[in-house]
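2 protein chains.
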Amino acid sequence: MTQKGLPLIFSAPSGTGKTTLREKLKQELPDIEFSVSHTTRPPRANEKDGVDYYFISKEAFLNMIDCDEFLEWAQIHDHYYGTSRTTTEKILEMGKDLILELDVQGVESLRALKYQGVYIFILPPSMQELEKRLTGRGTESGEQVKKRLRVGEQEISKSHLYDYRVTNTNIDETVDTILAIIRAEKNRVDRYHTDCPEIRKLIESEPS
Amino acid sequence: MTQKGLPLIFSAPSGTGKTTLREKLKQELPDIEFSVSHTTRPPRANEKDGVDYYFISKEAFLNMIDCDEFLEWAQIHDHYYGTSRTTTEKILEMGKDLILELDVQGVESLRALKYQGVYIFILPPSMQELEKRLTGRGTESGEQVKKRLRVGEQEISKSHLYDYRVTNTNIDETVDTILAIIRAEKNRVDRYHTDCPEIRKLIESEPS
Numbered sequence: 001m002t003q004k005g006l007p008l009i010f011s012a013p014s015g016t017g018k019t020t021l022r023e024k025l026k027q028e029l030p031d032i033e034f035s036v037s038h039t040t041r042p043p044r045a046n047e048k049d050g051v052d053y054y055f056i057s058k059e060a061f062l063n064m065i066d067c068d069e070f071l072e073w074a075q076i077h078d079h080y081y082g083t084s085r086t087t088t089e090k091i092l093e094m095g096k097d098l099i100l101e102l103d104v105q106g107v108e109s110l111r112a113l114k115y116q117g118v119y120i121f122i123l124p125p126s127m128q129e130l131e132k133r134l135t136g137r138g139t140e141s142g143e144q145v146k147k148r149l150r151v152g153e154q155e156i157s158k159s160h161l162y163d164y165r166v167t168n169t170n171i172d173e174t175v176d177t178i179l180a181i182i183r184a185e186k187n188r189v190d191r192y193h194t195d196c197p198e199i200r201k202l203i204e205s206e207p208s
Numbered sequence: 001m002t003q004k005g006l007p008l009i010f011s012a013p014s015g016t017g018k019t020t021l022r023e024k025l026k027q028e029l030p031d032i033e034f035s036v037s038h039t040t041r042p043p044r045a046n047e048k049d050g051v052d053y054y055f056i057s058k059e060a061f062l063n064m065i066d067c068d069e070f071l072e073w074a075q076i077h078d079h080y081y082g083t084s085r086t087t088t089e090k091i092l093e094m095g096k097d098l099i100l101e102l103d104v105q106g107v108e109s110l111r112a113l114k115y116q117g118v119y120i121f122i123l124p125p126s127m128q129e130l131e132k133r134l135t136g137r138g139t140e141s142g143e144q145v146k147k148r149l150r151v152g153e154q155e156i157s158k159s160h161l162y163d164y165r166v167t168n169t170n171i172d173e174t175v176d177t178i179l180a181i182i183r184a185e186k187n188r189v190d191r192y193h194t195d196c197p198e199i200r201k202l203i204e205s206e207p208s
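These protein sequence lines map, in sequence, to chains A and B. 148 is the number that my numbering gives to position 148 of the first sequence; each next residue is one higher, with no gaps. 208 is the number that my numbering gives to position 208 of the second sequence; each next residue is one higher, with no gaps.
These are computed hints drawn from the structure, not numbers from a lab. It cannot be assumed that every hint is accurate.
Identical chains share a label here; the pair holds if one copy fits it or two copies do between them.
As the list claims (entries may be wrong) - Listed below are the simulated DSS-like cross-link pairs for lysine-lysine, each with C-alpha atoms no more than 27 Å apart in a straight line:
#, residue 1, residue 2
1, Lys18, Lys201
2, Lys146, Lys201
3, Lys114, Lys24
4, Lys26, Lys48
5, Lys26, Lys186
6, Lys147, Lys4
7, Lys58, Lys146
8, Lys18, Lys186
9, Lys158, Lys146
10, Lys201, Lys48
11, Lys58, Lys24
12, Lys58, Lys132
13, Lys132, Lys158
14, Lys114, Lys186
15, Lys186, Lys158
16, Lys4, Lys96
17, Lys201, Lys158
18, Lys186, Lys24
19, Lys158, Lys58
20, Lys96, Lys48
21, Lys4, Lys26
22, Lys201, Lys132
23, Lys90, Lys147
Isolated chain A, as found in the complex (with noise of 0.2 Å):
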């Protein structure tokens, strides 16, 4: 039977440095699968269809909202975003690790479902760094970074949703903190797998 795999559901702040770390994390995990979800939002110039998100109309949207087929979906503005269900399963029913990158909101409905997973925030060093990053990028206008900062706290301030608190101060760091969370939450007593059958049995024998 092949172990199924292990769901790390991440979280960060618009210029905490997602974006590279995702791109390390495959680097360092080329056998890791990343969730991508659904959305109505139009893509943006560098983005790819099923690869960044699945970009469906509104009505297909609302027609998988009522087949219950999203794990987590939310309407922020006037897009929708989800996560499907039954990707996510398979992914995870083939035994392979996955990453889901979600806002808050979406680690509240995945909490709320009492959903197995690891959850994971990265903070930024300080606000102050936070301000700075989103800046740089030159591509938002000093009232959007302003937006983007108080968003940033609100969201600091639900990181006690998650099961880790990251800082991303250097992002080769930040790469091994999360190897050491993924190695070992995979020796979590609960999630423990031997292949030799007297152990497992000695194990198993154990009052639940």
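Place chain B on chain A using the hints.
Leaving out everything else, chain B in the frame of chain A:
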């Protein structure tokens, strides 16, 4: 304010490679402290007082029990074994991580006290391998080996008391897994520490 050290509680059935593991961890983690237990049993040929154990008289031990000086203690056959509460606390208060090697009975006591720490159980790859290692030592009779195996089986069947189970197949991999566990645990949401007052304030604003 110094952040308190992390207590790491280890158990490993006899023959699992605990001694080698301890030596490797001392090399990898020069700053970590190893708890030294008190015992009334006589030292073995290669054991040093204050290093392997504090070897004390039965009278002194019973006196320490009366003074509630032990975090946990147990009588095994004719001898007493215990972990000093003040020594342990002093190390942790200094911000140093501390490795406590305990038997399953000791862990049961600490769990009953809801003692906060990271509990790690080391497993052999198989019972056959454990027998091979115990026999290979050449220090014990066949009867003694059998007895140790039975005790080992009992211990493994209680490994659900721990947070992590680590199979010691390859000592270097085991050490890496333990280092990963320590790194991960330091990022656990309830242990998270940041020097940034702004972020600390946001985190502390969270509903408890």
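Structure-based check of each hint:
| no. | hint | in the structure |
| --- | --- | --- |
| 1 | Lys18 - Lys201 | between (42 Å within a copy, 23 Å between copies) |
| 2 | Lys146 - Lys201 | between (57 Å within a copy, 19 Å between copies) |
| 3 | Lys114 - Lys24 | neither (29 Å within a copy, 39 Å between copies) |
| 4 | Lys26 - Lys48 | within (17 Å within a copy, 49 Å between copies) |
| 5 | Lys26 - Lys186 | both (19 Å within a copy, 24 Å between copies) |
| 6 | Lys147 - Lys4 | neither (40 Å within a copy, 37 Å between copies) |
| 7 | Lys58 - Lys146 | neither (30 Å within a copy, 68 Å between copies) |
| 8 | Lys18 - Lys186 | both (23 Å within a copy, 21 Å between copies) |
| 9 | Lys158 - Lys146 | within (19 Å within a copy, 53 Å between copies) |
| 10 | Lys201 - Lys48 | neither (48 Å within a copy, 39 Å between copies) |
| 11 | Lys58 - Lys24 | neither (33 Å within a copy, 58 Å between copies) |
| 12 | Lys58 - Lys132 | neither (36 Å within a copy, 64 Å between copies) |
| 13 | Lys132 - Lys158 | within (22 Å within a copy, 51 Å between copies) |
| 14 | Lys114 - Lys186 | both (19 Å within a copy, 24 Å between copies) |
| 15 | Lys186 - Lys158 | both (26 Å within a copy, 19 Å between copies) |
| 16 | Lys4 - Lys96 | within (7 Å within a copy, 37 Å between copies) |
| 17 | Lys201 - Lys158 | between (41 Å within a copy, 12 Å between copies) |
| 18 | Lys186 - Lys24 | both (20 Å within a copy, 22 Å between copies) |
| 19 | Lys158 - Lys58 | neither (29 Å within a copy, 53 Å between copies) |
| 20 | Lys96 - Lys48 | within (23 Å within a copy, 49 Å between copies) |
| 21 | Lys4 - Lys26 | within (20 Å within a copy, 35 Å between copies) |
| 22 | Lys201 - Lys132 | between (55 Å within a copy, 20 Å between copies) |
| 23 | Lys90 - Lys147 | neither (37 Å within a copy, 46 Å between copies) |
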